[in-house]
Amino acid sequence: MHTVSQLPDDVLRWLPRLGAMQGGGLESLIKAISGLGQVGPKPEFAPGANADTWPRVRHALLEAQLITAADTGVTDPPMLHFQPALNAWLEGHRDTETRLETTRNHQRHYFQFAGQLRQRRHREPQASALLARMERANLSHAVDGVLAQGEEWALEFVDRIGELFTDIDEPWKDLHARAEMLARHLGGDPWRLRLSNQAQRYMEVRNFIAAEQVLHELLAGLGHDAVFERASAWARIAHCRIQATRPNEARAALMTAAGLVAELVQTEAVLEMRRGICLDMVAVCDELEAGYWWQRAIDCHAQLGSTIATLDKYADFLGRVETACCDPNASGELLAELDEARSAGWSAGADAVAAVVSGERDLFRLSNGLDLDDAALIAVLLSRLSVRG
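Per my numbering: the sequence shown = residues 3 to 391.
Since no wrong hints were added, every one of them can be taken at face value.
If you anchor each label on the Cβ, the simulated ranges turn out as follows:
| # | residue 1 | residue 2 | range |
| --- | --- | --- | --- |
| 1 | H61 | E93 | 18 to 26 Å |
| 2 | E93 | N250 | 54 to 62 Å |
| 3 | A246 | R58 | 46 to 54 Å |
Read the hints as simulated data drawn from the structure, not as lab findings. Quantities reported herein were computed from a predicted structural model and do not represent experimental measurements. Just so it is clear, CB atoms sit at the ideal spot from N, CA and C, and this is done for glycine as well.
All chains should be modelled from the sequences, with the hints used to inform the complete structure.
This is the structure in structure tokens:
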């Protein structure tokens, strides 16, 4: 094993940008947080970095045995583990400006990651728990920092973390207590968190009627100025109605949520909520209106710097999947294209759509290696077909 100081200067200069990571992480997240690697069609590189930077840094660290790569079995990007020598070097080489930037990136990306895992846990609970366990240190560090800064979106972050950590028997009551203190500081009340968690528990056991009742109780206690919380509650009510196959009532709830979201400053947390509302609208609307909401969802993906690189494929396939389910000729053509997509690297997404087209929707639940954003969008195809068909 080489020492960090023996690395080439053109590698060494970038290492402080890895300092926000807690002993490693999923490679896709490391690239996005550090700004050293290309993630998605519109990457945000650190000043001076380009598409060649991360491959060069990665190769040098692997050659020096300062990192190891491990296949997760449930994601395409591997988990990268930093060796003690690298961790010690990063701790001793703190660049204040760089650390502030990458820490903020770390919090933002792990907030999104926690939301993606929460969506995935309902379809693939074992995969979600595995990833939460692997990324436990980063998730804990990110939410701890957001709580310490008194950010309002820390309350939502704690909700997400609580569900994930409960699945892996990781203590989180201290986080919940700190979130209640922050809620009081922000002029809120801890009963919001309790009702929100109660509704979530009902949703997890598919008691959607009880969940909706709790969410209405939550709405009744919210003030007019609690726009974000009211929008979130209506979006969750809509989700309950979608799951209960009540698309018209779900659409009404989503329209209410969309109207409230439009009043808010478009922060990352708000954009995430907008994206979810738009995707749920795709599931319950007719073809013409669904196209409008699909485009709004794509816009949110772009603004969030999403890692998804196949939105054009989904947009193209959305209507054609439904046609293929009813037309054997169209089905054959689409399945042939999906075979080409597999060879181009879109294997998990292609398998999932092929399962829908073939009428074997249960196969979707068995597909592994699906990118988290891909999984969320594939789920829209499934829900749209089930709600409308």
